[in-house]
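In the working numbering, the protein residues as written are 368 to 434.
A few of these clues could be false.
Derived DEER-like restraints, expressed as beta-carbon distance ranges [as the list claims (entries may be wrong)]:
| hint | residue 1 | residue 2 | range |
| --- | --- | --- | --- |
| 1 | Val-383 | Tyr-432 | 15 to 23 Å |
| 2 | Gly-420 | Pro-380 | 16 to 24 Å |
| 3 | Leu-376 | Cys-423 | 29 to 37 Å |
| 4 | Glu-433 | Pro-377 | 31 to 39 Å |
| 5 | Asp-398 | Gly-420 | 15 to 23 Å |
| 6 | Gly-420 | Asp-379 | 28 to 36 Å |
| 7 | Pro-377 | Ser-425 | 12 to 20 Å |
| 8 | Ser-424 | Pro-399 | 18 to 26 Å |
| 9 | Glu-381 | Ser-424 | 27 to 35 Å |
Don't read these hints as lab results, they were simulated from the structure.
Glycine included, C-beta positions come from ideal geometry on N, C-alpha and C.
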Amino acid sequence: MDSPLSQRLPRDPEVVRKILAAHRSAVEKGDPVYVDPLTRRSVMTSVFLASRGRCCSSGCRHCPYEP
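Kindly produce the complete structure, drawing on both the sequences and the hints.
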């Protein structure tokens, strides 16, 4: 659940590193969302999305239901 779809990430590896660190930190703290370091928008964690029980077809970055 820690590997988001690459097409839903920016191309800059430094930004990707920051995004993955923010996601990991939120998951470790049990937070359902984190703030994207680039856009400042709230992003749902894979753990929160998995707890919903199904894909909502919204293109979530950390969707655990997509390949």
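Now the hints, each set against the structure:
no. : hint                            : verdict
1   : Val-383 <-> Tyr-432: 15 to 23 Å : holds, 22 Å
2   : Gly-420 <-> Pro-380: 16 to 24 Å : violated, 33 Å
3   : Leu-376 <-> Cys-423: 29 to 37 Å : violated, 19 Å
4   : Glu-433 <-> Pro-377: 31 to 39 Å : violated, 18 Å
5   : Asp-398 <-> Gly-420: 15 to 23 Å : holds, 19 Å
6   : Gly-420 <-> Asp-379: 28 to 36 Å : holds, 33 Å
7   : Pro-377 <-> Ser-425: 12 to 20 Å : holds, 19 Å
8   : Ser-424 <-> Pro-399: 18 to 26 Å : holds, 19 Å
9   : Glu-381 <-> Ser-424: 27 to 35 Å : holds, 30 Å
Hint violations for this structure: numbers 2, 3 and 4, all remaining hints satisfied.
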